Each structure stands twice: as C-alpha cells, then as structure tokens.
Amino acid sequence: MEHVSLTGRIFRGAALTLILLFFMFPIVWILLMSFQSNEQILRIPPRLLFEPTLANYRALISGQLQTAAGNLEIPFMHNLWNSFVLSSAAVVLALILGVPAAYAFARFKFRLGETIAFTLLSFRFAPPLLVLLPLSLYYQQIGLNDTYAGIVWVYQLIALPLILWIVRGYFEDISPDIEHAYRLAGHSWGETFTRIAVPLAGPGIAAAGLLSFIFCWNNFVFALILASADKQPVTVGALAFVTASGIQYGQIAAAIVLSVTPTLLLALYAQRYLVEGLSLGAVKG
Amino acid sequence: MPVPQFLTDLLQLLLGLAVALLLRRPTRFHNAVSIALLLPLMTAPAIAALMWKLMTNPSFGILSYLVSLLGIQDFKWASDPATALFTVVLVDIWVYTPFIMILLLAGLRSLPRQPFEAAALDGVPATFVFFRITLPMLAPYIITASLFRLLDSIQQFDIIYAMTQGGPGDRLMVFQVQAYLEFFQYTNVGKSAALLMILWVITNILSNIFIKNWLRLREHAHRHQ
Numbered sequence: 001m002e003h004v005s006l007t008g009r010i011f012r013g014a015a016l017t018l019i020l021l022f023f024m025f026p027i028v029w030i031l032l033m034s035f036q037s038n039e040q041i042l043r044i045p046p047r048l049l050f051e052p053t054l055a056n057y058r059a060l061i062s063g064q065l066q067t068a069a070g071n072l073e074i075p076f077m078h079n080l081w082n083s084f085v086l087s088s089a090a091v092v093l094a095l096i097l098g099v100p101a102a103y104a105f106a107r108f109k110f111r112l113g114e115t116i117a118f119t120l121l122s123f124r125f126a127p128p129l130l131v132l133l134p135l136s137l138y139y140q141q142i143g144l145n146d147t148y149a150g151i152v153w154v155y156q157l158i159a160l161p162l163i164l165w166i167v168r169g170y171f172e173d174i175s176p177d178i179e180h181a182y183r184l185a186g187h188s189w190g191e192t193f194t195r196i197a198v199p200l201a202g203p204g205i206a207a208a209g210l211l212s213f214i215f216c217w218n219n220f221v222f223a224l225i226l227a228s229a230d231k232q233p234v235t236v237g238a239l240a241f242v243t244a245s246g247i248q249y250g251q252i253a254a255a256i257v258l259s260v261t262p263t264l265l266l267a268l269y270a271q272r273y274l275v276e277g278l279s280l281g282a283v284k285g
Numbered sequence: 286m287p288v289p290q291f292l293t294d295l296l297q298l299l300l301g302l303a304v305a306l307l308l309r310r311p312t313r314f315h316n317a318v319s320i321a322l323l324l325p326l327m328t329a330p331a332i333a334a335l336m337w338k339l340m341t342n343p344s345f346g347i348l349s350y351l352v353s354l355l356g357i358q359d360f361k362w363a364s365d366p367a368t369a370l371f372t373v374v375l376v377d378i379w380v381y382t383p384f385i386m387i388l389l390l391a392g393l394r395s396l397p398r399q400p401f402e403a404a405a406l407d408g409v410p411a412t413f414v415f416f417r418i419t420l421p422m423l424a425p426y427i428i429t430a431s432l433f434r435l436l437d438s439i440q441q442f443d444i445i446y447a448m449t450q451g452g453p454g455d456r457l458m459v460f461q462v463q464a465y466l467e468f469f470q471y472t473n474v475g476k477s478a479a480l481l482m483i484l485w486v487i488t489n490i491l492s493n494i495f496i497k498n499w500l501r502l503r504e505h506a507h508r509h510q
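So the protein sequences, as listed, match chains A and B. Everything in the first sequence is counted per my numbering, starting at 1 for the first residue and increasing by one. Everything in the second sequence is counted per my numbering, starting at 286 for the first residue and increasing by one.
Keep in mind that the hints are not guaranteed to be accurate.
Below, simulated DSSO-like cross-link-like pairs (lysine-lysine); rule was C-alpha separation at most 30 Å, straight line [as the list claims (entries may be wrong)]:
hint, chain 1, residue 1, chain 2, residue 2
1, B, Lys-497, A, Lys-109
2, A, Lys-284, B, Lys-497
3, A, Lys-109, A, Lys-284
In silico negatives: residues of chain A with every beta carbon more than 12 Å from chain B [claimed, not checked]:
hint, residue
4, Arg-12
5, Trp-29
6, Asp-230
7, Pro-233
Facing chain B, according to a computed beta carbon distance under 7 Å, are these residues of chain A, among others [what the hints assert, rightly or not]:
hint, residue
8, Ile-30
9, Gln-40
10, Leu-42
11, Pro-46
12, Leu-48
13, Ser-122
14, Ile-174
15, Phe-220
16, Val-221
17, Leu-239
18, Thr-243
19, Ile-256
20, Thr-263
21, Val-275
22, Lys-284
23, Gly-285
What the hints contain is simulated information worked out from the structure, not anything from laboratory work. Quantities reported herein were computed from a predicted structural model and do not represent experimental measurements. Ideal placement from N, C-alpha and C gives every residue a C-beta, glycine not left out.
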C-alpha cells in the first residue's frame with residue numbers, strides 16, 4: 001500500500017477533489033447567496049465576485065421582510081428560539097431519564113431487561129407517522145397539542161434510545177471493581193452512581209447529549225404535525241418562510257444558513273463522537 | 286417506489302465505500318476531508334432539500350445554469366415528472382452517502398493489520414486483497430450500515446416533502462408522504478393507517494435483522510477496548 005504509482009496518485013487526487021466539490025459546493029454556494037442582494041442572485045451568468053451585503057440577515061433578525069406585496073412580518077428568529085428551547089429541553093429530559101436507565105442496563109441483570117432495552121432501540125426505527133398521527137388526535141384531547149411539553153415528549157423517541165445505548169456502552173467499559181471498592185468503603189448505591197460512575201462516563205454522557213441535540217434540532221416531521229407557527233422549530237419554519245417570502249431568495253439563503261449553523265458547529269466540535277452516535281453506539285470512531 | 290429507494294441505497298453504498306477506501310490512511314488531509322464530508326449529513330434533511338431547491342431554480346439556480354452550459358435547455362429538475370426522481374435521489378445521495386462513508390471508514394481503520402502485511406509481503410495483487418481480505422472483513426460493517434440506511438430510506442419523508450410534497454402529480458409518493466397527505470389533505474384516515482401498517486410490518490422485519498447485526502458489531506467494538 002505504501003507504493004502508490006504516479007497515475008494512481010493523480011487518480012486519487014482527482015477523485016477526492018470531485019468528491020469534495022460535490023459535497024461542499026452546496027453549502028458554500030448557499031453561504032455566498034446569503035450575502036447577495038436579489039439582483040445579484042438573479043444575474044446570469046452568476047458571478048463569484050460580488051459586493052457582499054448584510055441586508056438579508058438584517059431583515060431576518062428584525063423580522064421585517066420587504067416583499068413585492070409590501071412589508072411582511074416574519075418571526076424567523078422565533079423559530080430559531082423554538083428549536084433551541086425544544087432541543088435543549090428534550091436532551092435534558094432524556095439525560096435525566098436515560099443515564100440512570102443506561103446504568104441499570106449496564107450493571108444489573110433483571111427479568112426482561114434486554115427486551116426492554118431493545119424495545120427502546122426499536123422506537124428509533126418505527127415509522128414516525130405511525131406514532132404521530134394517532135398521537136396528534138390524543139394530544140388534542142388532553143391539551144398537549146401545540147405545546148412545548150408535547151413536542152419535547154415525542155422528541156424522546158429520538159433522544160432517549162441514542163442516550164441510553166451510547167451511555168450504556170460507556171458504563172459497561174468502566175470496571176465494576178472500582179465501584180465495588182467504593183461500596184466497600186461504606187458508601188451507598190446512589191453515591192456510587194453519582195460520585196463514581198457518572199463522572200467516569202462523563203465524556204460519553206456529554207457526547208451523547210450533544211448528538212441528541214443535533215438530531216432533535218434536525219428533526220422535521222414531529223413538529224410539522226404537532227406544532228403551529230408559534231411553536232415551530234427552524235426546520236418547519238424555514239419551509240413556511242420559503243412560501244411566505246416568495247422570491248426573496250437572498251433571505252431564504254440567509255434563513256438556511258442560520259438554521260444549519262448551530263448543528264454544523266456542534267457537529268464539528270463533537271466530531272470525535274459522531275461515528276458512535278450515528279451507529280447508536282455500535283461502532284467506535 | 287421501493288425499487289428506486291433500494292437502488293439509491295446501493296449507489297450510496299458503492300460511493301460511500303469508494304470514498305472510505307480513498308480516505309483509509311489516517312493522514313491529516315484525509316481526516317480533514319472526512320470531517321468536511323460530515324457536514325451534509327449534519328444538515329437537517331428538510332433544509333438540505335431547500336438548499337437544492339435554490340440551486341435548481343429554473344431562473345437563477347446555479348445547477349440549472351451549469352446544465353444549460355452543457356447544452357441542455359429547460360432542465361426542470363424536481364418540477365418535471367421525468368426528472369423529479371433523479372433530483373430527489375441526488376439530494377438523498379448528498380445527505381446520506383457520508384453516513385455510509387463514516388461507518389465504513391471507522392470499520393476499515395479498525396481492521397487488524399496482520400493479514401494486509403502478510404499479503405504485501407507475499408506480493409498478493411491488490412484486487413485479490415480487496416475481494417478476499419478487505420471486503421469479507423468489512424462485511425459486518427457494510428451489512429449494518431446498509432440495513433440502517435434501508436430502514437431510514439424506506440421511511441423517507443423530509444427531503445421529498447420539503448422539495449415537492451410528493452409531486453409532481455403522484456410521482457414521488459413514498460409511504461410516509463402519501464400517508465401524510467391522505468390523513469391531512471384528503472382526510473382519508475383509513476387509507477393512511479393502512480399504508481402505515483404495511484410500512485410498519487416492513488420496518489419491523491428489517492429492524493429485527495438489523496438489531497442482530499448491530500449487536501454483533503457492538504460486542505466486537507467493546508471487546509477491542
């Protein structure tokens with residue numbers, strides 16, 4: 001493998017360039033568009049050099065959009081806020097429920113233990129609409145429709161299996177001997193969990209939390225069905241925004257940039273753990 | 286629709302495998318490329334669809350412009366029944382190929398080195414090494430990653446809904462998009478439920494197979510701590 005011929009190297013270089021171009025180009029292009037005025041965007045042929053403008057972002061942040069039909073008020077920043085609230089609350093709840101559960105699955109053998117763990121995993125693969133459509137009817141009856149609490153609850157379908165199975169792996173990798181020694185020193189079971197197991201699994205727990213945040217943020221269908229405009233996260237909000245703003249393409253591009261930036265930054269920060277998160281803990285990066 | 290979906294997954298598998306092989310040696314540059322390729326995967330699929338919608342806009346989209354340079358006028362991308370499927374598949378490949386790539390890359394890099402070193406010493410040809418050593422040893426990763434993709438792609442909703450809402454006509458009516466429209470637009474709850482039950486049976490069978498393979502891979506990862 002060390003001896004790669006010159007043609008082989010050229011071929012590899014060309015292939016990698018093409019691959020990078022295909023996967024990076026859309027992101028770069030939309031980013032460029034977000035700094036252009038509509039006239040600049042509509043120019044044919046498109047130019048790579050242009051005078052950047054912040055007008056699109058200014059319009060989004062102020063919520064005042066100039067359209068052909070006059071001034072339009074679109075609270076896109078509120079969608080961003082919703083995404084932030086929903087995803088954070090969902091992750092916090094999933095950590096509170098999932099970390100102790102992961103510990104129990106890792107340390108104790110109990111009746112139906114594995115069955116329950118696999119049932120929780122299979123939630124990840126059930127068709128979302130199969131759950132959501134009936135749920136939306138129940139939610140209307142019990143008053144959870146279009147509430148943060150209702151959406152955070154269904155986000156557990158995304159966050160809980162992920163946290164449970166990744167954190168379980170981290171607990172399993174800690175030697176039980178350390179915990180036994182601590183217990184022998186006269187500490188209770190609860191103290192052993194909070195003072196020994198959780199700190200040792202800390203990096204794994206943090207990574208699982210970050211990844212669940214990304215996946216909750218990127219979710220589309222849950223809020224599409226359960227939330228009205230006031231509670232919608234950016235994924236759904238952006239779609240509504242496209243319809244409302246019509247031909248304000250620069251603003252659409254800026255809205256796209258604002259909605260993907262948080263997750264892309266978090267993903268870069270947590271990239272060491274992404275393999276593990278994407279495989280639900282089956283493959284280590 | 287299941288057949289194109291399956292073909293899309295196959296394309297993603299081949300492309301993802303090729304990229305993983307190219308990036309196999311853990312050099313700085315290769316690591317940087319593999320991290321860059323994660324970005325499409327971390328973009329919300331619904332938002333990714335909007336990005337491609339902007340790029341394929343008939344009046345100013347950069348891709349429409351590039352295609353017109355090749356001499357193809359009036360390429361309508363997602364709004365033409367003849368090319369809608371192609372367009373959605375392209376977006377799907379853009380978003381999800383990195384998923385296959387990153388799992389197979391992790392798999393490739395975790396393979397033991399001895400068989401490859403022995404083959405190099407004996408001067409075994411590269412194609413033989415690939416088909417008789419690399420592929421069989423990578424098989425558990427390939428199977429798990431493909432099943433994972435298949436499970437998700439048969440439930441595809443975000444990209445198609447954000448891009449065309451199942452249209453033009455009923456060209457892109459996959460299970461969940463049709464179930465959604467039957468429920469909300471045509472208030473045909475029964476048909477919607479029936480579609481989702483069929484989908485549930487399929488995903489249930491697939492996820493049982495998947496979990497078995499997934500568990501084997503998981504045990505393997507923990508043994509090699």
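Which numbered hints does this structure break? 4, 5, 7, 9, 12, 14 and 18
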